[in-house]
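Chemist: Below, each chain spelled out in residue letters.
Number of protein chains: 2
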Amino acid sequence: MKIGIIGLGLMGGSFALDIKSVYPKSRIFGSDISKINEERAIELGLIDKVIDLIEFNQMDLILVSIPVDKSIYVIPKILDIINKRTLVFDVGSTKDAICKSIKNHPRRGNFLASHPMAGTEFSGPDAAERGLYFNKTNIICEVDKTNLEIRDKALEIFRSLNMKVIYMDAKPHDIHVAYVSHLSHISSFMLGKTVIEKEKNEKNIFDLAGSGFESTVRLAKSSPQTWTPIFLQNKKNIVLAIEEYVLNLKSLKKIIEENDEANLSNVLNNTNRIKEILEKYNT
Amino acid sequence: MKIGIIGLGLMGGSFALDIKSVYPKSRIFGSDISKINEERAIELGLIDKVIDLIEFNQMDLILVSIPVDKSIYVIPKILDIINKRTLVFDVGSTKDAICKSIKNHPRRGNFLASHPMAGTEFSGPDAAERGLYFNKTNIICEVDKTNLEIRDKALEIFRSLNMKVIYMDAKPHDIHVAYVSHLSHISSFMLGKTVIEKEKNEKNIFDLAGSGFESTVRLAKSSPQTWTPIFLQNKKNIVLAIEEYVLNLKSLKKIIEENDEANLSNVLNNTNRIKEILEKYNT
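Just so you know, the sequences run in chain order U and F.
The numbering used here puts the first sequence at residues 1224 to 1506.
The numbering used here puts the second sequence at residues 1224 to 1506.
Hints listed in this document are in silico derivations from the structure and should not be mistaken for laboratory results.
The reader is advised that the hints may include incorrect statements.
Pairs involving identical chains hold if they fit within one copy or between any two copies, as the list cannot separate such chains.
[Unchecked claim] With a cut-off of at most 30 angstroms between alpha-carbon atoms, the simulated DSBU-like pairs for lysine-lysine come out as follows:
1. 1498 <-> 1423
2. 1423 <-> 1243
3. 1359 <-> 1498
4. 1473 <-> 1368
5. 1473 <-> 1394
6. 1459 <-> 1243
7. 1243 <-> 1359
8. 1459 <-> 1477
9. 1359 <-> 1423
10. 1473 <-> 1498
11. 1498 <-> 1258
12. 1477 <-> 1394
13. 1423 <-> 1477
With the rest of the complex left out, here is chain U (with noise of 0.2 angstroms):
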């Protein structure tokens, strides 16, 4: 099998060593807007070559993992180059986007909307890591608009991946997504801005941090390549969900405020349930 990965970061080098893991067969091709990351790539051993888009054409599966606001463009276009049998998919974390953009595409049919829900807060080829695909939910939306052959085989490969797939429209997927995954980023990032910010005049505040505030900051370290193209795709959504949030985190401060400790002690225990919720969706 011929495998070939358009974009060498975190989520196109890790699939390559998941694929190879699975596949020690499949000949891995890729290519990156970054001829460094290209270099890297190949030094890391996560792909065999590194070929020209042009060349993609010859590949059996195409992964598009490239910011959300490219793939847009650069989708349409492989599809043009494609044969009948390429199985093309990607894994941007909006999808409504990306499926308008291919919507009347004579090809429609070999691409497979997907988003796997992995990653890290690292970026770049470096930050590729084994078994990152493994055992994750992947969303596919729309998967009516693809040929069942072509379904088939994207499948098979998740299924190698010990994926769960979970199915779902386009728009819901960008509206759940706005919540679960975009709007815990924007509370990281604003986290780590307003502490930040605070420590320009409070010396050292650092020294305190410990794993709480770790944990919390995390996903504040992803990269902003990725981030900025995710939260202009998908600022419908993921305004209301800062609305939300925002109504939130003031409805508390008043309660905080007028020293409600009822309430504020209801509050918290109500939102305790996320641990059950989480260990419910775990197993």
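Chain U is fixed; fit chain F onto it per the hints.
Modeler: For chain F alone, coordinates are given in the frame of chain U:
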């Protein structure tokens, strides 16, 4: 050495385990407002014996590890009954109110106000874990109000646990932790609340939860009994911290609404600095 622990939850129970590992000959006595916790602490081998509060007058070392709204009543009472060689210290997340509560106590010199930057999202005796205190930062407040001999005794204990000691006045301590600890908890609790509320209307949203959501929302599992009084006792600083956090969220929302890509990318890039800051403070 006779060690007495008032409050046998995460912090008290873990201290029992850690202190026993460095002073294996010490005897550990404990008391908790909950009979169930006392029995569990015995079962788990955290403490050797349950005693009444009045019997703490025979201890060499007393740790008060109870919610901060209880500490301001219990610490003065404990100071009433101890002898002049006993060290009493606490692990509360706020320091100003606690220091004030014993400001004019004749045994003020026997008390050391401390705040180890250690903890997990779990609570109760079963949450006790070996090693929780080792290698952590410990903030000591108003050290000049603690007798020299008592101070040395405390420092020896902290040294045995390989803790890094930082000195700070109570008021700046409370300001700093409002940002690096309390705001992290609030941002996490409110993220959990916002997503749970959304889930009522949108089924199966948690199917999509990845590791990013999990780490950002981890602190929302924390004990309401511990955190309700912390938020209220540190009200003034926490309200300010929430206000700054909300301003940053609103400003980001505006940037997203206006499609201001350059500015958005800029904000995320600047906040990425948190990576180097945390690395610097972790080494």
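Chemist: Please go over all the hints and tell whether each is borne out by the structure.
Modeler: Okay, the hints, checked on the actual structure:
| no. | hint | in the structure |
| --- | --- | --- |
| 1 | 1498 <-> 1423 | between (35 angstroms within a copy, 16 angstroms between copies) |
| 2 | 1423 <-> 1243 | neither (47 angstroms within a copy, 41 angstroms between copies) |
| 3 | 1359 <-> 1498 | both (19 angstroms within a copy, 26 angstroms between copies) |
| 4 | 1473 <-> 1368 | neither (43 angstroms within a copy, 38 angstroms between copies) |
| 5 | 1473 <-> 1394 | both (29 angstroms within a copy, 24 angstroms between copies) |
| 6 | 1459 <-> 1243 | neither (38 angstroms within a copy, 56 angstroms between copies) |
| 7 | 1243 <-> 1359 | within (17 angstroms within a copy, 41 angstroms between copies) |
| 8 | 1459 <-> 1477 | both (28 angstroms within a copy, 12 angstroms between copies) |
| 9 | 1359 <-> 1423 | between (40 angstroms within a copy, 24 angstroms between copies) |
| 10 | 1473 <-> 1498 | both (24 angstroms within a copy, 28 angstroms between copies) |
| 11 | 1498 <-> 1258 | between (44 angstroms within a copy, 25 angstroms between copies) |
| 12 | 1477 <-> 1394 | between (34 angstroms within a copy, 22 angstroms between copies) |
| 13 | 1423 <-> 1477 | both (27 angstroms within a copy, 24 angstroms between copies) |
Hint check: violations occur at hints 2, 4 and 6; the rest are consistent with the structure.
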